[in-house]
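Listed here are the chains, written in short residue letters.
Protein chains: 2
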Amino acid sequence: MKKWYQDTEIRDGIVLSSRVRLARNLADFPFPARLDLAGREQVCRLVRDSLANVSGLKLKYIEMQELTPKQAVALAERHIISPEFAVNERGKALLLSEDESISIMLCEEDHIRIQVIRGGFDLDGAFESAMRLDDLLDSLLHYAFDERLGYLTQCLTNLGTGMRAGVMMHLPALAKCGRVQKLSNTVSKLGLTVRGTYGEGTGAKGDVYQLSNQVSLGISERTALDNLKAIAMQIATQERAVGDELIKDDTVLDHIQRAEGILRAARLLSTEEMLELFSWLRLGVRQGIAEADISGFNELTQTMQAATLSEAGGGGLDRNKRDALRAQQVRERLFDS
Amino acid sequence: MKKWYQDTEIRDGIVLSSRVRLARNLADFPFPARLDLAGREQVCRLVRDSLANVSGLKLKYIEMQELTPKQAVALAERHIISPEFAVNERGKALLLSEDESISIMLCEEDHIRIQVIRGGFDLDGAFESAMRLDDLLDSLLHYAFDERLGYLTQCLTNLGTGMRAGVMMHLPALAKCGRVQKLSNTVSKLGLTVRGTYGEGTGAKGDVYQLSNQVSLGISERTALDNLKAIAMQIATQERAVGDELIKDDTVLDHIQRAEGILRAARLLSTEEMLELFSWLRLGVRQGIAEADISGFNELTQTMQAATLSEAGGGGLDRNKRDALRAQQVRERLFDS
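One line per chain: the protein sequences are A and B, in this order.
The first sequence begins at 1 in the working numbering and counts up by one.
The second sequence begins at 1 in the working numbering and counts up by one.
Hint data in this document are derived by calculation from the structure and do not stem from the laboratory.
Here the structure is a predicted model, which is why all the values come from computation and not from measurement.
Warning: the hint list may mix true and false statements.
Claimed, not checked - Pairs of lysine-lysine residues, derived as DSS-like cross-links and limited to a Cα-Cα distance of at most 30 Å, are as follows:
no., chain 1, residue 1, chain 2, residue 2
1, B, LYS176, A, LYS321
2, B, LYS70, B, LYS205
3, B, LYS248, A, LYS321
To be verified - Some chain A residues well away from chain B (every beta-carbon gap over 10 Å; in silico):
no., residue
4, ARG48
5, ALA52
6, THR68
7, ASP99
8, ARG148
9, THR186
10, LEU190
11, ALA236
12, ASP250
13, LEU253
Quick reminder that beta carbons are idealized off the backbone N, C-alpha and C, glycines included.
Construct all of the structure, not just a fragment, from the sequences and the given hints.
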């Protein structure tokens, strides 16, 4: 079965993926931070068992303590779990669909964190899928819900809908022009946030930013989603306009051509350099001045990161072998060479 | 007429060019440093006039003060004159053959500095050509010569034969392994010196080093030349052996492939980067793992430098235009693309 990021139909160069995350808690247990190990294990098993007999729903149950640190980091690299969740600790578990588009973290900050990722600009699809799963869990478990406040969550910022919806956007033109900070200030006034690829406090690897809703209280899911979609489209329009200007600059053309040249030629490639070069190349492909099979970007971005790549290679790849394999896979996937 | 560096037959990847320089002075004048402007101008005219009626010898006479600073720097870039000679000052002149292989600096450190450059490993050819010119001048002028000391020169280090013979060697393998310093120490014990491309105190651009004889007193020209040739061949053998080892290293292969990729792709290219990339590519071509028309290296190395390129473009090229033209010429010349 294909992973979500192997969908080759996704050709939008700006919105790379869409994500909806719902925070839910069980009424009969304290929040995970206040639960001891036995309590957390009980919550994990409870959710697992409740879904065990649902027909048509195939989720793999993974106790986090069973994973090697590398396996856990590989999951975080692919945005299946949060980086914090990857830290080895007992009493945490993950439910994961085979295509990796649906994941449920158990006993992260909240008892239940449902996440659905879709390739491209498909917030509605992600939302509907998350909602179906939420309705199912709601019918099987006893959610902590308050008529006035909505879903109760450990962190106040999630109170209400418990929903964070977000899109990963590739914004090379705005980033190279130093306009992301201004954008960030503007959208924050609209109840949204622009952050680096891996959430708060992380840099934007390869000019990929996460635009997500910030407000979950006093606003319906649908309204939050519509706001997000409208603003994402506005940002994409800006990005395209700035990109059209940018490629008139010789140094930008030079960067794009070199990125293609290096990706075609390199025998060793680090994740950081790969993401940086992808950014220029993707800009070039979007603007019609570089050639590459861009349907491979999502997959390569996901699978060519250090820990994921090492896992795929049986877990025993050292840095040099990883860099060599990464360079080779990139050549094959983007240029068929 | 072709310039010497446009000779496409030169395919030795290690010895790029051979050079013989003779320092001569006139017995009837003090050394240039002790001459006033009128005296220096007299010397320049005297040499010019003595050669004016020699049939078959076509040398252009250039008074240095007539050149723009850029034109003078361009001559130094191509090793036709010394960097010091390029500094604008009256009472200095240059005699230059059309193919730029023969040049005579007048009133540099000595009254007369004859230089002959040949592409590839051709010290004998350069020496014979320099000697013919020297015999001619000797028959027309009154050289300062002492039976016991030989040719008298301003600097004691040139006393005797007044000859410096040298080869430009491309030593990427030895350089990348940090073995040039040791080599330099070894050859200095044999009366030779290894220096950066532009003589004393300059770095080695693109891993090109100048190996030349240091001793001119108490040794015949022929012996000095034979020593130099033997040691150059030894160094070339070492360079090849180290190169064979080096290319077993993934990071070296990566550097070579990238150099080719970038040179093929870049839209802007500085002189420094070009020389650095040339070094890797030349190593790759020599070792049979990269493809480029290497007969173009000498010419590109000579003509793609900042001042020379700007002069060729009519003198008015700014940095960006030079970098763009350099990238284009490199693509066309090395890869025919």
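Evaluation of the provided hints:
no.: 1; hint: B:LYS176 with A:LYS321; verdict: 22 Å, holds
no.: 2; hint: B:LYS70 with B:LYS205; verdict: 20 Å, holds
no.: 3; hint: B:LYS248 with A:LYS321; verdict: 14 Å, holds
no.: 4; hint: ARG48; verdict: 45 Å, holds
no.: 5; hint: ALA52; verdict: 48 Å, holds
no.: 6; hint: THR68; verdict: 26 Å, holds
no.: 7; hint: ASP99; verdict: 34 Å, holds
no.: 8; hint: ARG148; verdict: 61 Å, holds
no.: 9; hint: THR186; verdict: 33 Å, holds
no.: 10; hint: LEU190; verdict: 39 Å, holds
no.: 11; hint: ALA236; verdict: 27 Å, holds
no.: 12; hint: ASP250; verdict: 6 Å, violated
no.: 13; hint: LEU253; verdict: 5 Å, violated
Checked against the numbered hints above, the structure breaks hints 12, 13 and satisfies the rest.
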